[in-house]
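Those protein sequence lines, which keep their order, are chains A and B.
Counting with my numbering, you get residues 1 to 478 for the letters of the first sequence.
Counting with my numbering, you get residues 479 to 781 for the letters of the second sequence.
Everything labelled a hint here was simulated from the structure, so no lab data went into it.
A virtual CB, placed ideally from N, CA and C, is assigned to each residue, including glycine.
One or more hints might be untrue.
Said to hold, decoys possible - In silico contact screen, one side only, chain B against chain A (beta carbon under 10 Å); selected entries:
1) G529
2) K552
3) A583
4) P610
5) G617
6) M625
7) G631
8) T692
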Amino acid sequence: MYDVAIIGCGIIGAATAYELSRYDLAVVALEAQNDVADGTTKANSAILHAGYDPEPGTKMARLNVEGVRLAKDLCEKLSVERKEIGSFVLAFTDEEMKTVHTLFDRGNQNGVPGLKVLTGDEVRAMEPAISTEVVGALYAPSAAIVSPWEFCIALAETAVRNGAEVRLSARVESIEKKDGSFLLHTAAGDVEAKYVVNAAGVDADKVHAMVGGHTFRTLPNRGEYFLLDKAQGELVNKVVFQCPNKDGKGVLVAPTVHGNLIVGPNAEGVETAEDVNNTAAGLAFVRKMSVKSVPSVNFRDSIRNFAGVRANSDQPDFIIEESPAAKGFINLGGIKSPGLSSAPAIGVEAVELLRSCGLSLRKKETFIDTRKRTVFRHLSPEDKAKLVKENPLYGRVICRCETVTEGEIVEAIHRPIVPRSIDAIKRRCNAGMGRCQGGFCGPRVHEILSRELDLPLDRILMDEEGSYILTQPTKEGK
Amino acid sequence: MKYDVIIIGGGPAGLAAACSASENGAKKIVIIERDKELGGILNQCIHNGFGLHYFKEELTGPEYAGRFVEMLRKTDVEVKLDTMVLEVSPDKTVHCINTKEGYQALEGKAVVLSMGCRERTRGAIAIPGDRPAGIFTAGAAQRYVNMEGWMCGKRVVILGSGDIGLIMARRMTLEGAKVLACVELCPYSNGLNRNIVQCLNDYDIPLYLSHTITDIQGKERVEKVVVSKVDENRAPIPGSEIVFDCDTWSSRIWRPASPASSAAATWSTSTTWWTSSPRKACGPEPPPPSTPPARKREAPSWR
Numbered sequence: 001m002y003d004v005a006i007i008g009c010g011i012i013g014a015a016t017a018y019e020l021s022r023y024d025l026a027v028v029a030l031e032a033q034n035d036v037a038d039g040t041t042k043a044n045s046a047i048l049h050a051g052y053d054p055e056p057g058t059k060m061a062r063l064n065v066e067g068v069r070l071a072k073d074l075c076e077k078l079s080v081e082r083k084e085i086g087s088f089v090l091a092f093t094d095e096e097m098k099t100v101h102t103l104f105d106r107g108n109q110n111g112v113p114g115l116k117v118l119t120g121d122e123v124r125a126m127e128p129a130i131s132t133e134v135v136g137a138l139y140a141p142s143a144a145i146v147s148p149w150e151f152c153i154a155l156a157e158t159a160v161r162n163g164a165e166v167r168l169s170a171r172v173e174s175i176e177k178k179d180g181s182f183l184l185h186t187a188a189g190d191v192e193a194k195y196v197v198n199a200a201g202v203d204a205d206k207v208h209a210m211v212g213g214h215t216f217r218t219l220p221n222r223g224e225y226f227l228l229d230k231a232q233g234e235l236v237n238k239v240v241f242q243c244p245n246k247d248g249k250g251v252l253v254a255p256t257v258h259g260n261l262i263v264g265p266n267a268e269g270v271e272t273a274e275d276v277n278n279t280a281a282g283l284a285f286v287r288k289m290s291v292k293s294v295p296s297v298n299f300r301d302s303i304r305n306f307a308g309v310r311a312n313s314d315q316p317d318f319i320i321e322e323s324p325a326a327k328g329f330i331n332l333g334g335i336k337s338p339g340l341s342s343a344p345a346i347g348v349e350a351v352e353l354l355r356s357c358g359l360s361l362r363k364k365e366t367f368i369d370t371r372k373r374t375v376f377r378h379l380s381p382e383d384k385a386k387l388v389k390e391n392p393l394y395g396r397v398i399c400r401c402e403t404v405t406e407g408e409i410v411e412a413i414h415r416p417i418v419p420r421s422i423d424a425i426k427r428r429c430n431a432g433m434g435r436c437q438g439g440f441c442g443p444r445v446h447e448i449l450s451r452e453l454d455l456p457l458d459r460i461l462m463d464e465e466g467s468y469i470l471t472q473p474t475k476e477g478k
Numbered sequence: 479m480k481y482d483v484i485i486i487g488g489g490p491a492g493l494a495a496a497c498s499a500s501e502n503g504a505k506k507i508v509i510i511e512r513d514k515e516l517g518g519i520l521n522q523c524i525h526n527g528f529g530l531h532y533f534k535e536e537l538t539g540p541e542y543a544g545r546f547v548e549m550l551r552k553t554d555v556e557v558k559l560d561t562m563v564l565e566v567s568p569d570k571t572v573h574c575i576n577t578k579e580g581y582q583a584l585e586g587k588a589v590v591l592s593m594g595c596r597e598r599t600r601g602a603i604a605i606p607g608d609r610p611a612g613i614f615t616a617g618a619a620q621r622y623v624n625m626e627g628w629m630c631g632k633r634v635v636i637l638g639s640g641d642i643g644l645i646m647a648r649r650m651t652l653e654g655a656k657v658l659a660c661v662e663l664c665p666y667s668n669g670l671n672r673n674i675v676q677c678l679n680d681y682d683i684p685l686y687l688s689h690t691i692t693d694i695q696g697k698e699r700v701e702k703v704v705v706s707k708v709d710e711n712r713a714p715i716p717g718s719e720i721v722f723d724c725d726t727w728s729s730r731i732w733r734p735a736s737p738a739s740s741a742a743a744t745w746s747t748s749t750t751w752w753t754s755s756p757r758k759a760c761g762p763e764p765p766p767p768s769t770p771p772a773r774k775r776e777a778p779s780w781r
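Required output: the full structure, derived from the provided sequences and hints.
In structure tokens, the structure reads:
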């Protein structure tokens, strides 16, 4: 019997697992996919928002500002790439300048530090690539960019190192309410827990319905993106938003922590969490809107398109509650933007909610709160030389676009949550993220996974279950 | 210890550069190659047709590379295998690493950049749809089939009709895959006429000119692709869609390996290929395969 079962191991589930792992508790996170961070967490704008968007007084406002404050320290401790580069919200008309002033006031009420309203010329002095049509902007110095999947992986790994369990490929199929506990039937066997935290993202309403709860409905909303080559990575140095509308924060242009340029998203209601396909219309819209902000974006340098689905809901705010349908069942639902920014604070909030529901919390005597990760390309020549001497595998570069060594890949495979696919390696050490998109390193990462996991080549997947790569040996290969 | 010439990349260009530098009197020459053997991409090009001009005979890619390696053996050229260059500084110091010698900074009087090129991928051409497994660059598929001994698809369609795509169509067919179509955006093929004849026509693989991929479907693995006819501006024509059941596709568009050489960059071929089969119920009858009006071009000797 577990004390707490967390359903879903995206950024929200992982932040909750991390916070719970501080205490003497039996905790398990049940993830439907074969890796953590595999839903909305891996496909979004990768921004830690400053916190001027949400209406003052909402959970979103409070948790956003608190979340990005916590993220600063967490990313430092857990070796997550994060850069506090600041953001602009651009105005193209006097009408939009009114929105900028509204956001400025809202931000001040929400406690966002350092906000300023700038003129168009002041904006272009800081960011020369921005359109001459811009008449002014809100500047928020505390906005940051982050690697969202790395953030989730770091939190989940740290939870595991502190005794929590993460079960992959364990989709929850049904839940039985028992006397004082829940019996969860999952694809990886039954799990019994006294408390359940529903962090199932876009599927949170369906999971809530398993215990008879219907307080909210998720309205999946897709956003499509371009990722551009590093040749475009320094086109802007800050996150460049347009004025928000009812569907989201508009199309942004921003550098990523990995040195690329991200452009997107649009916003389109879709049926399910699985609707992450790109569309010609969506991509065309993103292109058109982005060059309004930054006319010189060169889409010939695109290396990847992707899409993610926002866990929007029929409620105006995040749903963070004990289910009225089941005592001891906590909903963390409708975690739309700024969900990534709020995640660390939502984790803390979830623990407090569990405490108020009767979970007794006793801090562990020792809590591992650091995580080291070798990033070869960030080392000085002296440190590179030293590392290769200590372990020759760091002397073999596998991904040449991103300079990722065999040592880093082997290290990633032997971390607490074992990556079993080529994309899982990509999320852990960037191999395959560059301009050739794994064209060269894919087969080599494939071989390393096969060797280290002792699995035949045809059992190694590209990403999710079913994403097989090889079909059969060649005539000579038999 | 200063090298006269440091050559980065031990593929055909690097090998030829090393032989030539040696012949012309350079004394201390080194080739830095990231793979475990010399030859570069030639090693996975197991088809013949190489060396027609230079050696006056038909060789396979590995044989052609082997000739150069033999020539190199008679010189004093040093070779560093399994070695990656991390940086070339303005004073022509080449920083590189390998597992045996660790981190090294080699000084050169001259540096030759012969790192070949990279394939651009689906993301570079913004083809919409799902993002399942089964999407390969032609180079990656060629590596799996010719070097690893594994097939990566059973039913294949190729987008683009450059030479490597055409050659892989034949290769996959010989390995038992069904190549259902070769789809080319341009109204003409970029491939050599002999490759169109020997790789497509001889195996009854239809070539759809002025067509492109407009959608990819499949959650985990490619299941279907949609091909549309394009107008004279290369814009897909609505209503011309053909739906194929499939499990793989891949692309082949080149870009230079180094930002340093990007000034000289031109795209030479654009080939994408995938496995599929026509589904009559889902679209109009596929147009009849076109007779390829191949452009006149002399075969470079390494084709």
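The hints, checked one at a time:
no. : hint : result
1   : G529 : violated, 23 Å
2   : K552 : violated, 30 Å
3   : A583 : holds, 8 Å
4   : P610 : holds, 6 Å
5   : G617 : holds, 6 Å
6   : M625 : holds, 8 Å
7   : G631 : holds, 6 Å
8   : T692 : holds, 7 Å
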